[in-house]
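Taken in order, these protein sequences are the chains called A and B.
If you use the working numbering, the first sequence corresponds to residues 1 to 94, in order.
If you use the working numbering, the second sequence corresponds to residues 1 to 416, in order.
No lab work stands behind these hints: they were computed from the structure.
A portion of the hints provided could be inaccurate.
Where chain B lies over chain A, by a calculated footprint (3+ residues, C-beta under 8 Å) [claimed, not checked]: (1) 7 to 18; (2) 34 to 46; (3) 77 to 90.
Quantities reported herein were computed from a predicted structural model and do not represent experimental measurements.
We treat Cβ as the ideally placed atom computed from N, Cα and C, and that holds for glycine.
Chain by chain, the residues run as shown.
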Amino acid sequence: MIIPHPLLGPRDAAEFVYKGDASLINRPDGMTASDDEMHDYAYLRDNPAGEHRELWYHEQGDRSWLVVTRNTMTHDITYVELARDVARASGRSR
Amino acid sequence: MRYSALKILKEGLTGNKGWKPVWREPDPKPEYDVIIVGGGGHGLSTAYYLAKEFRGKNIAVLEKGWLGSGNIGRNTTIIRSNYLLEGNQPFYELSLKLWEGLEQDFNYNAMVSQRGILNLIHSDPQRDAFVRRGNAMRLSGADAEIFGREEIQKMCPFLDYENARFPIQGAIWQPRGGTVRHDAVAWGYARGADALGVDIIQNCEVTGFQIENGVCKGVETSKGAIRAKKVAVCVAGSSSRVMEKAGMRLPIESHVLQAFVTEGLKPVIPGVITFGAGHFYVSQSDKGGLVFGGDIDGYNTYAQRGNLPVVEDVCEGGMAIMPMIGRARLLRMWGGIMDMSMDGSPFIDKTHIDGLYFNGGWCYGGFKATPASGYCYAHLLATDTPHKTAEAYRLDRFRRGAPIDEKGQGAQPNLH
Numbered sequence: 001m002i003i004p005h006p007l008l009g010p011r012d013a014a015e016f017v018y019k020g021d022a023s024l025i026n027r028p029d030g031m032t033a034s035d036d037e038m039h040d041y042a043y044l045r046d047n048p049a050g051e052h053r054e055l056w057y058h059e060q061g062d063r064s065w066l067v068v069t070r071n072t073m074t075h076d077i078t079y080v081e082l083a084r085d086v087a088r089a090s091g092r093s094r
Numbered sequence: 001m002r003y004s005a006l007k008i009l010k011e012g013l014t015g016n017k018g019w020k021p022v023w024r025e026p027d028p029k030p031e032y033d034v035i036i037v038g039g040g041g042h043g044l045s046t047a048y049y050l051a052k053e054f055r056g057k058n059i060a061v062l063e064k065g066w067l068g069s070g071n072i073g074r075n076t077t078i079i080r081s082n083y084l085l086e087g088n089q090p091f092y093e094l095s096l097k098l099w100e101g102l103e104q105d106f107n108y109n110a111m112v113s114q115r116g117i118l119n120l121i122h123s124d125p126q127r128d129a130f131v132r133r134g135n136a137m138r139l140s141g142a143d144a145e146i147f148g149r150e151e152i153q154k155m156c157p158f159l160d161y162e163n164a165r166f167p168i169q170g171a172i173w174q175p176r177g178g179t180v181r182h183d184a185v186a187w188g189y190a191r192g193a194d195a196l197g198v199d200i201i202q203n204c205e206v207t208g209f210q211i212e213n214g215v216c217k218g219v220e221t222s223k224g225a226i227r228a229k230k231v232a233v234c235v236a237g238s239s240s241r242v243m244e245k246a247g248m249r250l251p252i253e254s255h256v257l258q259a260f261v262t263e264g265l266k267p268v269i270p271g272v273i274t275f276g277a278g279h280f281y282v283s284q285s286d287k288g289g290l291v292f293g294g295d296i297d298g299y300n301t302y303a304q305r306g307n308l309p310v311v312e313d314v315c316e317g318g319m320a321i322m323p324m325i326g327r328a329r330l331l332r333m334w335g336g337i338m339d340m341s342m343d344g345s346p347f348i349d350k351t352h353i354d355g356l357y358f359n360g361g362w363c364y365g366g367f368k369a370t371p372a373s374g375y376c377y378a379h380l381l382a383t384d385t386p387h388k389t390a391e392a393y394r395l396d397r398f399r400r401g402a403p404i405d406e407k408g409q410g411a412q413p414n415l416h
């Protein structure tokens, strides 16, 4: 697979480390979240067949985290954005 | 019809005209006591043991495609019971014991071959870890021996003992491990279950569950609605997709594991050899092909094919430990979809919906578990209590802080 990096252009997926579902960005506040919320965040996944937004870390490159929209049936990548931008757009400071 | 040497002789002399199809192809009845969703190895063994050992009646197995069309036909056929943890090892030893008596039990040649499994050791700390593992295995009643380099050299002279990065210092050897003819496992269980009255219904996809007031009363399928007192899902590889129809999210990601087979060769490899440090393992099939594999690709996927970096990594591992493999030509490669769970261990449990049961999360170790998985699932379905070797395989174990994490990697499925 080739991942079109928003800053560096097309890069081999082997340069990246895979983390998982992009919803992992939205970690609940550990001081206020319930046990159920923390459990569901840490252990449960949607794991869809089809379009999947997921986190890839460019370890062998610029060390940026990306949110890649990829189809789990075909491996087609349709959209790539910086995880930083996704987090900021949802109201996070960084 | 029982198979025997006499029967083969008789059929051979009379033109082989007396053989009959080994299972029926019935239409679904409107209602069953138990519906098993998934006609793979685990589903069929569940049906077989439920009917045979627990006197279950009125059972159906529903299969989306053809019988045994999933991971029972896409694995690397290895059986072993060499786990470390309390929650795992007694279960896998039960499985190995069931493998040992399987062919006599269901009167079918599954080519169970206990040719032994060798896990290589490359350092003192690894030897310590494997000695500990061997002791855990022996405590569960399994067999394990620690070999020095000389004993391995006698058995496998072709390995690279002086590899600069991973010189071979020894191995842990389980003589009762080995390989089994994978498709014959599905066929044998299907034939056995059918003979006990189980309806095996192929090309029948479950499209939904009939859940009324928190109780599962049946399933919707491509062949119409079927009512059931108990519905037992057993579809590892597609678990999240199926359980999503019941509104459940699982502690599972789907990943692809690739496997490879070379052209047929004369016998060169005595048993199963694993080179964990190099992410490579190999055995030789009875047809002569070298069957080998390595790690999962590591990203969510339902495509039954992988990518080239893992092919390169597996082949590099093979060349490093067993340079002669470079002379063999690759015949085929394929991928199978794994339920990778959050701790690398499986689930055999009731769900929060009454009458709905779940078996899955087998990661890349489902094949060897086929008999015990079916036996313990049948026990759960028949008695509503977990079998004593499968008590730890509960869906709520993360909530209780009781994961069964052999590798100690935490909740990161692609590292297990």
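Hint check:
1. 7 to 18: holds (count 4)
2. 34 to 46: holds (count 8)
3. 77 to 90: violated (count 0)
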